[in-house]
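Visitor: So the chains spell out like this:
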Amino acid sequence: MIRLCLSALLLTTALPAHADVAEAVKKHALPGYARFAEKTAALAALDTCETEPLQAAWNEAFDAWLGVAHLRLGPVEEDGRVLAIAFWPDPKGLGQKQQRALLEAADTAALTPDRMAEQSVAARGFFALERLLWPTEPPQGDYACALTHATAKDLARMAAEIDGEWKKGFAETLINPRPDGRYLNRSETRQALFTALVTGIEFNADSRVGRPLGTLDRPRPERAEARLSGRSLRDITLSLEALRGLAHQLHDPLPQTDAAFDRALKQAEKVDLARLDDSGMWLKAQILQQNIKAIAETAVIELAPALGSSVGFNSADGD
Amino acid sequence: MQRRAFLATLAAAAATPRLSWADAGSPAYLAAARLPDGSYALHGLTVAGESLFGLPMPARGHAATAHPERPLAVAFARRPGTFALVIDCARGIETARLTPPEGRQFNGHGTFSADGAVLYTSEVIAEGSEGRIGLWDSDTWQRIGEMPTHGIGPHDIRRLPMSDDLLVANGGIRTDPTDRTKLNTDTMRPNLARIAPDGTLVAKAELPEGLRQNSTRHLALLPDGRAACAMQWEGDSAETPPLLALWQAGALAACPVPETEAVTMQNYAGSIAHSPETGEIALTSPRGGAVQVFAADGSFRASFRRADACGIAAGPGGFVVTDGNGAVLALTGSGLRPLASHTLNWDNHLIALERT
Numbered sequence: 022m023i024r025l026c027l028s029a030l031l032l033t034t035a036l037p038a039h040a041d042v043a044e045a046v047k048k049h050a051l052p053g054y055a056r057f058a059e060k061t062a063a064l065a066a067l068d069t070c071e072t073e074p075l076q077a078a079w080n081e082a083f084d085a086w087l088g089v090a091h092l093r094l095g096p097v098e099e100d101g102r103v104l105a106i107a108f109w110p111d112p113k114g115l116g117q118k119q120q121r122a123l124l125e126a127a128d129t130a131a132l133t134p135d136r137m138a139e140q141s142v143a144a145r146g147f148f149a150l151e152r153l154l155w156p157t158e159p160p161q162g163d164y165a166c167a168l169t170h171a172t173a174k175d176l177a178r179m180a181a182e183i184d185g186e187w188k189k190g191f192a193e194t195l196i197n198p199r200p201d202g203r204y205l206n207r208s209e210t211r212q213a214l215f216t217a218l219v220t221g222i223e224f225n226a227d228s229r230v231g232r233p234l235g236t237l238d239r240p241r242p243e244r245a246e247a248r249l250s251g252r253s254l255r256d257i258t259l260s261l262e263a264l265r266g267l268a269h270q271l272h273d274p275l276p277q278t279d280a281a282f283d284r285a286l287k288q289a290e291k292v293d294l295a296r297l298d299d300s301g302m303w304l305k306a307q308i309l310q311q312n313i314k315a316i317a318e319t320a321v322i323e324l325a326p327a328l329g330s331s332v333g334f335n336s337a338d339g340d
Numbered sequence: 027m028q029r030r031a032f033l034a035t036l037a038a039a040a041a042t043p044r045l046s047w048a049d050a051g052s053p054a055y056l057a058a059a060r061l062p063d064g065s066y067a068l069h070g071l072t073v074a075g076e077s078l079f080g081l082p083m084p085a086r087g088h089a090a091t092a093h094p095e096r097p098l099a100v101a102f103a104r105r106p107g108t109f110a111l112v113i114d115c116a117r118g119i120e121t122a123r124l125t126p127p128e129g130r131q132f133n134g135h136g137t138f139s140a141d142g143a144v145l146y147t148s149e150v151i152a153e154g155s156e157g158r159i160g161l162w163d164s165d166t167w168q169r170i171g172e173m174p175t176h177g178i179g180p181h182d183i184r185r186l187p188m189s190d191d192l193l194v195a196n197g198g199i200r201t202d203p204t205d206r207t208k209l210n211t212d213t214m215r216p217n218l219a220r221i222a223p224d225g226t227l228v229a230k231a232e233l234p235e236g237l238r239q240n241s242t243r244h245l246a247l248l249p250d251g252r253a254a255c256a257m258q259w260e261g262d263s264a265e266t267p268p269l270l271a272l273w274q275a276g277a278l279a280a281c282p283v284p285e286t287e288a289v290t291m292q293n294y295a296g297s298i299a300h301s302p303e304t305g306e307i308a309l310t311s312p313r314g315g316a317v318q319v320f321a322a323d324g325s326f327r328a329s330f331r332r333a334d335a336c337g338i339a340a341g342p343g344g345f346v347v348t349d350g351n352g353a354v355l356a357l358t359g360s361g362l363r364p365l366a367s368h369t370l371n372w373d374n375h376l377i378a379l380e381r382t
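Taken in order, these protein sequences are the chains called A and B. In case it helps, our numbering puts the first sequence at residues 22 to 340. In case it helps, our numbering puts the second sequence at residues 27 to 382.
These are calculated hints, taken from the structure and not from any lab test. Computed from a predicted structure; not experimentally measured. Heads up, the beta-carbon is just placed ideally off N, CA and C, and yes, glycines get one too. Treat the hints with care, since some could be wrong.
[What the hints assert, rightly or not] DEER-style ranges, computed between Cβ atoms: (1) B:R206 x A:A130: 47 to 57 Å; (2) B:A277 x A:P326: 42 to 52 Å; (3) A:R248 x B:A277: 34 to 44 Å; (4) A:E243 x B:N210: 52 to 62 Å; (5) B:S263 x A:K287: 41 to 51 Å; (6) B:S189 x A:A126: 50 to 60 Å; (7) A:P159 x B:A277: 45 to 55 Å.
[Stated by the list, open to error] For lysine-lysine, the following DSSO-like pairs were computed, each having C-alpha atoms within a straight-line distance of at most 27 Å: (8) A:K48 x A:K188; (9) A:K305 x A:K48; (10) A:K314 x B:K230; (11) B:K208 x A:K113.
[As the list claims (entries may be wrong)] Where chain A lies over chain B, by a calculated footprint (3+ residues, C-beta under 8 Å): (12) 69 to 79; (13) 254 to 265; (14) 281 to 292; (15) 346 to 356.
Hey, can you work out the whole structure from these sequences and the hints?
Guide: What follows is the structure, given as structure tokens:
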């Protein structure tokens, strides 16, 4: 018996670090949001009108956003924040139209923090900044620079608020579900993060790859995310890496899911979403899409039983 | 049961006056569910969310409808449905089972005529998904006829108040006869059809061309004769059209939400209800994990978050909501509050037994 206990003890110590909701919150969500708040604050702190430093800071902030963009729960759901941070996809070009109207009006009174927060979600956030920093319609004037600063400050404000609300309450809501809380028990918090993981993976396949992919007869490279700044593929890579991190905080080890992530990330190296008019490139992108879908399928098979969780009974129904 | 005992029961039943809803001590709601062992059941719930009975179902259920006078309800299979169960709500037992005729499939919903004599069932011709309303005698449960729904892929069906006319949500989606694969989302043209009891089309309402891919699926009747319709978008997922439309005087008007709410519901409304107490209309979205509440004029009021929320019906102070994790919750002006929790998955609908 003693020997048995000892071997059990050894087995236990040999197991990887504990993984569950608390780890996903403390090691994934909280540091991710802190980084997002820090990088957007750094962008907002620039008072230059020179494009290069603004572009560099914007890129770092966007990198940070991709670390948490898939966590569509909690503070980011309030006040349309998720849309105001990243209004994409935008099939009707609402962001561009709204921004053009702002630039034409050139009303400096519209640039106060309060007024910016009331602007249409389509005219705010990362993609509004991208259009200002990689303009397709020069010349950009003083007002464009002032709008850039105001938009960056608005983005940083939202990031700071979300970061604060996670620290102040939502982290606790997830870690300690209560019978009178938004999540009644541990299985619901596991399901919430598991759903964020799966839908986050699917968003990469369906939207980040799927929208520019279109069909072989009609590829739509112009629909790629962050095309102006040329980081469409980087978005996919960083998002997948962040999602892999979330998966491991929820459960560890995940050999099959890891292998699926590896396949997709390796395939991503061969893809250029700006060159989808080339049928060879189109096929490579289609394989990438399939590889990403396979991650979601594998994660469901590997994680759902381990977490005792599944995506929702009704959300999967469709009726 | 022995033949003699059966006959005695039958004689007793014939001799006793019919029970009414008031005699029944019956549940306030019905809801279908999946149980932990993977089987399916229909539960009768109190207004506090406690289960009064759980009745086994042969396969996954969807919605149900209550008889206007007698304490019975009919629970329907999930589409493509092969059965409907007639339930004695006082005793929580199945008293009859309906099977659609060859080549027809139940589509999960049904309603009774005003006098309760006829049950109407939402159906499709399996091949091509053309809509049919099945007519059933509510004494013998024999099929007594059928009529067209004037559309493709009907889903919810309601009898309009103070009328024997029916309102059918023809969702417009043609599905594979053997499963739920959608075959025509590029060309679909849903409608709401008001149909007289003889099958004549009284009025057909369609949304504008740009909302052609918005499948009209579930209905809630408003006390003033209007109806509210919950929709599911089958078009480009990057567009976020309204999911609520109001039906009035034979026409449909979409009710948009503020842009900050555009993605809350993930383009999918699962159920809809009207609360006579607050006058509000509420839509659930299990995909968005949210419930949206609207004023009676269709203007947006608020969103409330609850993962996999789907079933909804009128309740004290507003609504009662059920979710795929087994919770029953009250939704009032102060938000969602858990009433009861069950170890099962509540299915798509919560049916209020609005009895007279």
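Visitor: Take the hints in turn and mark each one as holding or not.
Guide: Verification of the supplied hints:
| no. | hint | result |
| --- | --- | --- |
| 1 | B:R206 x A:A130: 47 to 57 Å | holds, 54 Å |
| 2 | B:A277 x A:P326: 42 to 52 Å | holds, 50 Å |
| 3 | A:R248 x B:A277: 34 to 44 Å | holds, 42 Å |
| 4 | A:E243 x B:N210: 52 to 62 Å | violated, 28 Å |
| 5 | B:S263 x A:K287: 41 to 51 Å | violated, 28 Å |
| 6 | B:S189 x A:A126: 50 to 60 Å | holds, 53 Å |
| 7 | A:P159 x B:A277: 45 to 55 Å | holds, 49 Å |
| 8 | A:K48 x A:K188 | holds, 13 Å |
| 9 | A:K305 x A:K48 | violated, 34 Å |
| 10 | A:K314 x B:K230 | violated, 41 Å |
| 11 | B:K208 x A:K113 | holds, 26 Å |
| 12 | 69 to 79 | violated (count 0) |
| 13 | 254 to 265 | holds (count 5) |
| 14 | 281 to 292 | holds (count 7) |
| 15 | 346 to 356 | holds (count 4) |
When the structure is compared with the earlier hints, violations turn up for hints 4, 5, 9, 10 and 12 and for no others.
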